[in-house]
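There are 2 protein chains.
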Amino acid sequence: MKVFITGGGGFLGHRLARTLLDRGALAGPDGRPQPVTQVTCFDTAFPEHPDPRVKCVTGDLAAPGAIAAAMAPDTAAVFHLAAVVSAGAEADFDLGYRVNLDGTRLLLEQCRKLARPPRVVFTSSVAAFGGELPDILDDATTPNPQTSYGTQKVIGEYLVTDCTRKGYIDGRSLRLPTIVVRPGKPNLAASSFASGIIREPLAGVESICPVDPAETGVWLLSPSKVVEAFIHAHDLPSAAWGTRRALNLPGITVSVQEMLATLARVAGEHVAKRVIYRPDPKIQAIVRTWPIRFRTERAAAMGFAADADFESVVRAHIADERINV
Amino acid sequence: MKVFITGGGGFLGHRLARTLLDRGALAGPDGRPQPVTQVTCFDTAFPEHPDPRVKCVTGDLAAPGAIAAAMAPDTAAVFHLAAVVSAGAEADFDLGYRVNLDGTRLLLEQCRKLARPPRVVFTSSVAAFGGELPDILDDATTPNPQTSYGTQKVIGEYLVTDCTRKGYIDGRSLRLPTIVVRPGKPNLAASSFASGIIREPLAGVESICPVDPAETGVWLLSPSKVVEAFIHAHDLPSAAWGTRRALNLPGITVSVQEMLATLARVAGEHVAKRVIYRPDPKIQAIVRTWPIRFRTERAAAMGFAADADFESVVRAHIADERINV
Numbered sequence: 001m002k003v004f005i006t007g008g009g010g011f012l013g014h015r016l017a018r019t020l021l022d023r024g025a026l027a028g029p030d031g032r033p034q035p036v037t038q039v040t041c042f043d044t045a046f047p048e049h050p051d052p053r054v055k056c057v058t059g060d061l062a063a064p065g066a067i068a069a070a071m072a073p074d075t076a077a078v079f080h081l082a083a084v085v086s087a088g089a090e091a092d093f094d095l096g097y098r099v100n101l102d103g104t105r106l107l108l109e110q111c112r113k114l115a116r117p118p119r120v121v122f123t124s125s126v127a128a129f130g131g132e133l134p135d136i137l138d139d140a141t142t143p144n145p146q147t148s149y150g151t152q153k154v155i156g157e158y159l160v161t162d163c164t165r166k167g168y169i170d171g172r173s174l175r176l177p178t179i180v181v182r183p184g185k186p187n188l189a190a191s192s193f194a195s196g197i198i199r200e201p202l203a204g205v206e207s208i209c210p211v212d213p214a215e216t217g218v219w220l221l222s223p224s225k226v227v228e229a230f231i232h233a234h235d236l237p238s239a240a241w242g243t244r245r246a247l248n249l250p251g252i253t254v255s256v257q258e259m260l261a262t263l264a265r266v267a268g269e270h271v272a273k274r275v276i277y278r279p280d281p282k283i284q285a286i287v288r289t290w291p292i293r294f295r296t297e298r299a300a301a302m303g304f305a306a307d308a309d310f311e312s313v314v315r316a317h318i319a320d321e322r323i324n325v
Numbered sequence: 001m002k003v004f005i006t007g008g009g010g011f012l013g014h015r016l017a018r019t020l021l022d023r024g025a026l027a028g029p030d031g032r033p034q035p036v037t038q039v040t041c042f043d044t045a046f047p048e049h050p051d052p053r054v055k056c057v058t059g060d061l062a063a064p065g066a067i068a069a070a071m072a073p074d075t076a077a078v079f080h081l082a083a084v085v086s087a088g089a090e091a092d093f094d095l096g097y098r099v100n101l102d103g104t105r106l107l108l109e110q111c112r113k114l115a116r117p118p119r120v121v122f123t124s125s126v127a128a129f130g131g132e133l134p135d136i137l138d139d140a141t142t143p144n145p146q147t148s149y150g151t152q153k154v155i156g157e158y159l160v161t162d163c164t165r166k167g168y169i170d171g172r173s174l175r176l177p178t179i180v181v182r183p184g185k186p187n188l189a190a191s192s193f194a195s196g197i198i199r200e201p202l203a204g205v206e207s208i209c210p211v212d213p214a215e216t217g218v219w220l221l222s223p224s225k226v227v228e229a230f231i232h233a234h235d236l237p238s239a240a241w242g243t244r245r246a247l248n249l250p251g252i253t254v255s256v257q258e259m260l261a262t263l264a265r266v267a268g269e270h271v272a273k274r275v276i277y278r279p280d281p282k283i284q285a286i287v288r289t290w291p292i293r294f295r296t297e298r299a300a301a302m303g304f305a306a307d308a309d310f311e312s313v314v315r316a317h318i319a320d321e322r323i324n325v
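Residue numbers (our numbering), protein chains in the order written: chain A, 1 to 325; chain B, 1 to 325.
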């Protein structure tokens, strides 16, 4: 079966592509495993050395015809990860809507034209939530995003659900916690610091923490767990989703202070001391609107799982990146 | 101040225009009443004899440039009523998204370009709700539409909220109950029968009831109450809305059976007997997804009001249309 990944040049998308090729199979329409014969990654840019097994297509999601040209007509699985990130969409309103809304619509339109309705896994975000919130969110909490990025993600969920109801796709939307530890470089996401304060010190460089460590909590999930979640979301039968196609993924709640204490414990005080506090009101204002505690019973019942604790998240990053500590 | 009404050729839009001109004032940015100097109605079609005080502009909401050409740069109040109705949007997926989503975006884009951010009243719908629902919905119930129309309305709410947060508009979205009794002719809305079974018999003609009278309930509001609600929604200060820009309007819950009993009581058994039962599974399937019981405390606290009872709704229609009973 053929797989199509938007944002497939990004860290998570490319990792998903590699994992699918290593794994070699995904559930087919009848639920039985089918061999993965092709993985196409679509993105505006790719790593310098992409996995040679992956078909990389460079293009603009929001350019009419770009997806149509890149997606094989017999594509069976689509993972939609491409997005202008939170601070980026906040800084450029038009760009955010162009990519995150228009791009998603163009993708769904193309999916509708495929030989048969594909399974579509859409990456939404806990940025869907905001405003006056309960202390602990659950599956009944109404999205009330306080950023354009969050708004675009919620709209994407509704589009995926409507296209599913119409039978054009078999869609599933996952509201991702903040993914920690992301490898690579800081990006424009307001949550970029949450990985930076672990990643940079471990790489021997300083990192700026723009938020108050004691007062800031993060609802997070590791890269390997979220890639597992993408695949699990795809492989679940349609009936497991019913008419509720959007799901809050499990995660763990950790304060920035606990994150730094864990880093010190695993890698040493001298490593944790590479984090410099420099408050950024803009970042703080965005991060403050994100919820950090969830009850995710529905996801648990569907077989999704979070990391055991933050220490295992840090140790997984150290192993992935082959860091000597 | 200048007022712009999309769907202003339709029954509600034109009635709103007339009411605004009769009333002569709307709250200005400082909350104090300002004289209404111009009411522009934008629509694809207009009544044969539109109110001569209204400026009627014929155009396609989703055609780029159409709204820009029609809307005065110093427009202060926008009422967005235009939409492809529920059964229409369900029958033609692309048309529904083109008008109800693309059209709304084009309208909001134009609002953003005005001399100062206008107040925008957006008409959403209880079609926002569906799927597994509690017996009584309230302000915390998460929209889960089971039609493309409902999906497009929810997306419109999120766009209005995001544009408000960004300071481009001062937006307010109202989730309308079914409006009963609409004058004029039946339309493609799945709810068309709810007015038809009162209006047609009173006009001396037969009307088809496509749903089971005992099992079908309707959450409804009269034309005069909803026009009052539009104006009240506009005139409330921005602070009254806060970050929650979408509101379930109050209404009353009436079974189709009670509606017909009321008609018989007010106009006579011979009139009520003009209703013919002819079940339509398509209409029933849509109507069944609509909720009929709400707690609307927030709207009540904000000063919105429903009709006293269904009899007053019928009597208002008889008075409006100058019917002899």
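If you are wondering where the hints come from, they were derived from the structure by calculation, not from laboratory data. For every residue, glycine included, the Cβ atom is placed at its ideal position computed from N, Cα and C. Do not rely on the hints blindly, as some may be mistaken.
As the list claims (entries may be wrong) - With a cut-off of at most 27 Å between alpha-carbon atoms, the simulated DSS-like pairs for lysine-lysine come out as follows:
| # | chain 1 | residue 1 | chain 2 | residue 2 |
| --- | --- | --- | --- | --- |
| 1 | A | Lys166 | B | Lys2 |
| 2 | A | Lys185 | A | Lys55 |
| 3 | B | Lys113 | B | Lys185 |
| 4 | B | Lys113 | A | Lys282 |
| 5 | A | Lys55 | A | Lys2 |
| 6 | A | Lys185 | A | Lys273 |
| 7 | B | Lys282 | A | Lys113 |
| 8 | B | Lys2 | B | Lys185 |
| 9 | A | Lys185 | A | Lys113 |
| 10 | B | Lys166 | B | Lys55 |
| 11 | A | Lys185 | A | Lys2 |
| 12 | A | Lys282 | B | Lys282 |
Unchecked claim - Pair ranges (Cβ atoms, derived):
| # | chain 1 | residue 1 | chain 2 | residue 2 | range |
| --- | --- | --- | --- | --- | --- |
| 13 | B | Phe93 | A | Leu95 | 25 to 35 Å |
| 14 | A | Glu321 | B | Asp94 | 26 to 36 Å |
| 15 | B | Val205 | A | Gly59 | 34 to 44 Å |
| 16 | B | Arg32 | A | Lys282 | 31 to 41 Å |
| 17 | B | Ala285 | A | Leu21 | 54 to 64 Å |
| 18 | A | Pro237 | B | Phe93 | 18 to 28 Å |
| 19 | A | Glu321 | B | Pro73 | 24 to 34 Å |
| 20 | A | Gly59 | B | Lys113 | 26 to 36 Å |
Claimed, not checked - To list a few chain B residues with every Cβ distance to chain A over 12 Å, as calculated:
| # | residue |
| --- | --- |
| 21 | Asp51 |
| 22 | Tyr168 |
| 23 | Pro279 |
**Hint check, failures only** = Result: hints 1, 3, 8, 9, 10, 11, 12, 14, 15, 17, 19 and 22 break, sorted rising.
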